[in-house]
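A.B. asks: Chain residues, written in single-letter form:
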Amino acid sequence: MIKVRIPAQLRTLTGGVGEVAIEGSTVGEVLKGLDAAHAGFAERIFDAEGGLRRFVNVFLDEEDVRFLDGLATPVTDGQTLSIVPAVAGG
Amino acid sequence: MDFVSGLRCRECGRTYPAEALHVCDFCFGPLEVTYDYERVAATISRERIEAGPRTIWRYADLLPVTDPAPVDLGAGFTPLVRADRLAAELGLGELWIKDDTANPTGSFKDRVVSVALTKARQLGFKIAACASTGNLANSVAAHAARAGMDSVVLIPHDLERAKVTMTSVYGGRVFAVEGSYDDVNRLCAELTSEQPEWAFVNVNVRTYYAEGSKTLAFEVAEQLGWRAPDHVVVPIGSGSQLTKVAKGFQELYQVGLLDEEPSVRVSGAQAEGCSPVATAFAEGTDAIRPVKPNTIAKSLAIGNPADGWYALDTIKRSGGACAAVTDAEVLDGIRMLARTEGIFAETAGGVTIATLAKLAAQGVVRKDERVVAMVTGHGLKTVEALGDVVGPTATIAPTLDSFAEAMAADAASTQRSPT
Chain R
5 MIKVRIPAQL RTLTGGVGEV AIEGSTVGEV LKGLDAAHAG FAERIFDAEG GLRRFVNVFL
65 DEEDVRFLDG LATPVTDGQT LSIVPAVAGG
Chain W
51 MDFVSGLRCR ECGRTYPAEA LHVCDFCFGP LEVTYDYERV AATISRERIE AGPRTIWRYA
111 DLLPVTDPAP VDLGAGFTPL VRADRLAAEL GLGELWIKDD TANPTGSFKD RVVSVALTKA
171 RQLGFKIAAC ASTGNLANSV AAHAARAGMD SVVLIPHDLE RAKVTMTSVY GGRVFAVEGS
231 YDDVNRLCAE LTSEQPEWAF VNVNVRTYYA EGSKTLAFEV AEQLGWRAPD HVVVPIGSGS
291 QLTKVAKGFQ ELYQVGLLDE EPSVRVSGAQ AEGCSPVATA FAEGTDAIRP VKPNTIAKSL
351 AIGNPADGWY ALDTIKRSGG ACAAVTDAEV LDGIRMLART EGIFAETAGG VTIATLAKLA
411 AQGVVRKDER VVAMVTGHGL KTVEALGDVV GPTATIAPTL DSFAEAMAAD AASTQRSPT
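Line by line, the protein sequences are chains R and W.
Taking the numbering used here, the leading residue of the first sequence gets 5, the next gets one more, and so forth.
Taking the numbering used here, the leading residue of the second sequence gets 51, the next gets one more, and so forth.
Hints listed in this document are in silico derivations from the structure and should not be mistaken for laboratory results.
Each residue gets a CB set at the ideal place from its N, CA and C atoms; glycine is no exception.
Be aware that a few hints might be false.
[As the list claims (entries may be wrong)] Cut-off 16 Å, straight-line C-alpha distance, at most; resulting in silico cross-link-like pairs (EDC-like, lysine to aspartate or glutamate):
{"no.": "1", "chain 1": "W", "residue 1": "K366", "chain 2": "W", "residue 2": "E333"}
{"no.": "2", "chain 1": "W", "residue 1": "K342", "chain 2": "R", "residue 2": "E67"}
{"no.": "3", "chain 1": "W", "residue 1": "K417", "chain 2": "W", "residue 2": "D134"}
{"no.": "4", "chain 1": "W", "residue 1": "K342", "chain 2": "R", "residue 2": "E33"}
{"no.": "5", "chain 1": "W", "residue 1": "K176", "chain 2": "W", "residue 2": "E247"}
{"no.": "6", "chain 1": "W", "residue 1": "K342", "chain 2": "W", "residue 2": "D233"}
[What the hints assert, rightly or not] A few chain W residues facing chain R, derived, Cβ under 10 Å:
{"no.": "7", "residue": "G79"}
{"no.": "8", "residue": "P80"}
{"no.": "9", "residue": "T84"}
{"no.": "10", "residue": "I177"}
{"no.": "11", "residue": "C180"}
{"no.": "12", "residue": "A181"}
{"no.": "13", "residue": "L186"}
{"no.": "14", "residue": "D233"}
{"no.": "15", "residue": "F250"}
{"no.": "16", "residue": "V253"}
{"no.": "17", "residue": "R256"}
{"no.": "18", "residue": "S288"}
{"no.": "19", "residue": "S290"}
{"no.": "20", "residue": "P355"}
{"no.": "21", "residue": "D357"}
{"no.": "22", "residue": "W359"}
All chains, please: the whole structure from these sequences, using the hints.
C.D. replies: Following this line, the structure appears as structure tokens:
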């Protein structure tokens with residue numbers, strides 16, 4: 005299972021929970037699994053082409069998946085995926 | 051009484067009340083403060099501003115919060131210095147330096163923090179927090195102390211010594227994070243979800259915070275006799291300041307304080323070691339690719355700039371440009387500004403001046419333009435950067451002979467006048 009951390013803005017979809025466990029072998033599969041478990045995630049984090057929205061960052065164990073293979077990045081049990089709003093800092 | 055009508059998502063247009071919100075709940079787009087400009091226009095006037103305090107709060111009618119006693123150390127109304135000697139070196143005509151080194155903690159961040167913490171206090175927050183490359187850390191710690199708020203500041207572990215000391219001295223909590231600024235920023239963005247009772251000035255109250263940068267434009271226009279410049283050069287970290295400077299000039303016209311609609315070219319300055327916006331500009335793309343920063347300009351070392359896309363858009367629509375300079379050019383820029391105008395800037399100021407020099411040489415910044423360069427932080431904050439390139443002319447014995455000998459040697463080596 006992959007641990008997925010949910011930002012406050014999306015916790016209405018998880019009944020207020022900040023962390024859920026999801027199966028999957030890539031970042032994209034986990035995020036789709038998240039939507040299957042808690043309907044509504046897909047339209048919030050994916051754009052019309054199925055990529056990550058411009059203002060959504062996803063980190064796999066502290067590394068931005070845009071520096072890895074994006075949604076195709078492989079994941080293994082015990083890793084943590086964090087969904088974080090991109091608009092912050094500076 | 052402020053003139054805020056609410057918050058609006060820049061991406062999808064959804065509206066929100068003026069609370070501690072920074073991104074759209076639906077699409078994660080940034081929220082922007084909206085004002086009732088008709089009511090502002092009916093109230094504001096040049097005379098009303100000129101009778102106000104010599105701080106950013108003289109422009110309270112165009113800020114997202116008003117308070118008879120704001121969280122204030124005296125930020126703003128910094129000198130706008132006519133820079134004829136620098137202009138002559140660069141082949142420019144009318145050049146001005148907006149000297150924001152003169153702010154209370156030595157950088158433009160005092161503008162945004164004064165606004166952010168005044169709003170945070172109004173919203174009921176008791177704890178001020180931030181992710182910072184240094185200047186913001188200094189300012190949040192100082193303003194929190196002034197306001198009697200607790201502070202929690204997170205910085206990368208490898209910041210310049212002065213910036214760490216200038217943050218820690220105020221007595222708040224300071225965490226040096228083993229990672230880059232982007233790591234610190236991600237940590238704070240996650241912490242915001244866990245600590246909703248903390249006001250992270252550049253996360254959950256960022257919407258208000260960012261508005262403080264408009265005062266740079268307000269002051270420049272007022273100090274030029276209520277005229278906008280033709281071209282401004284602004285350093286890019288997150289890109290927020292650049293977009294807000296452009297917005298500031300536009301707002302002044304919108305509320306009737308400028309006679310002519312401003313047409314300000316806005317150009318951006320980055321260091322080559324962290325230039326995601328300049329790279330996108332050069333490549334003609336709209337996509338900002340995040341980078342891993344490696345530059346002495348640590349205050350601008352944001353590899354994944356939150357407002358990068360908007361900064362790029364502002365630059366393009368205004369007819370400006372964006373360029374990047376090497377670390378060696380940054381040091382040249384610092385020394386050139388110091389030597390010609392007597393202003394000692396931090397590395398970010400060196401980025402701005404070196405980029406100005408580059409754009410002037412390329413003919414992008416032109417001799418027939420009234421140009422303003424934003425120098426946003428004090429050189430004492432980043433003295434390490436200059437450690438190897440400036441120092442005493444000579445170390446001498448306390449004797450007339452030793453002095454004469456050193457003077458002669460210097461005159462021979464530099465061709466400087468021996469008097």
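A.B. asks: A separate judgement is required for each hint: does it hold in the structure or not?
C.D. replies: Consistency of the hints with the structure:
no., hint, in the structure
1, W/K366 / W/E333, "13 Å, holds"
2, W/K342 / R/E67, "11 Å, holds"
3, W/K417 / W/D134, "12 Å, holds"
4, W/K342 / R/E33, "27 Å, violated"
5, W/K176 / W/E247, "8 Å, holds"
6, W/K342 / W/D233, "11 Å, holds"
7, G79, "5 Å, holds"
8, P80, "4 Å, holds"
9, T84, "17 Å, violated"
10, I177, "17 Å, violated"
11, C180, "9 Å, holds"
12, A181, "5 Å, holds"
13, L186, "8 Å, holds"
14, D233, "7 Å, holds"
15, F250, "8 Å, holds"
16, V253, "5 Å, holds"
17, R256, "7 Å, holds"
18, S288, "2 Å, holds"
19, S290, "5 Å, holds"
20, P355, "6 Å, holds"
21, D357, "7 Å, holds"
22, W359, "7 Å, holds"
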